[in-house]
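Participant: Sequence:
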Amino acid sequence: MAIDRATNGEGVNVVLDMIGGDYINRNLAALAPSGRHVSIATQHGRIASVDLRLVMMKRLILTGSTLRGRSAQEKTRLMAEIEAKVWPWILQGRLKPLIYRSYPIKNAAEAHKMMESGMHFGKILLETVS
Numbered sequence: 004m005a006i007d008r009a010t011n012g013e014g015v016n017v018v019l020d021m022i023g024g025d026y027i028n029r030n031l032a033a034l035a036p037s038g039r040h041v042s043i044a045t046q047h048g049r050i051a052s053v054d055l056r057l058v059m060m061k062r063l064i065l066t067g068s069t070l071r072g073r074s075a076q077e078k079t080r081l082m083a084e085i086e087a088k089v090w091p092w093i094l095q096g097r098l099k100p101l102i103y104r105s106y107p108i109k110n111a112a113e114a115h116k117m118m119e120s121g122m123h124f125g126k127i128l129l130e131t132v133s
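Going by this note's numbering, the letters in the sequence shown line up with residues 4 to 133, in that order.
It is worth saying that the hints were derived from the structure and are not from the lab.
For clarity, every value in this text was computed on a predicted model and none was experimentally measured.
The C-beta atom is built at its ideal place from N, Cα and C for all residues, glycine as well.
Honestly, I wouldn't trust all of these hints.
What the hints assert, rightly or not - Pairwise CB distance ranges, derived in the manner of DEER restraints: (1) Met21 <-> Leu129: 15 to 23 Å; (2) Pro91 <-> Ala112: 31 to 39 Å; (3) Ala75 <-> Arg29: 16 to 24 Å.
From just these sequences and the hints, can you work out the full model?
Facilitator: Structure (structure tokens):
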């Protein structure tokens with residue numbers, strides 16, 4: 004699995020899940036012991052069947068959140084907190100997305116088929132011609 008190669012078999016500390024549904028157990032398997040799974044959207048559905056033994060054995064934390072019902076003041080506070088605490092990691096290269104594969108823009112249909120197949124782990128990129 005790509006996540007094993009990317010983390011030397013240790014798994015990741017946090018999964019930020021925008022897919023939900025049938026992806027949840029794949030995401031839980033990718034977590035390191037004591038990892039956190041945070042649901043923020045449900046593109047594949049709001050109902051999921053969870054392997055609770057995996058959750059217990061790995062001591063995982065499952066939680067979720069949404070910004071929709073929050074006030075503008077709270078959203079502003081959260082944005083400032085992310086800018087202060089997370090953005091420096093991105094600038095230092097300590098936090099970066101896992102890239103599964105890049106496609107030339109002319110092969111966008113092929114990239115979309117890969118995305119729909121669900122056989123990838125990480126981001127699928129489209130490269131523009133410069």
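Participant: Failing hints, ascending?
Facilitator: The structure conflicts with hint 3 only, although it agrees with all the remaining ones.
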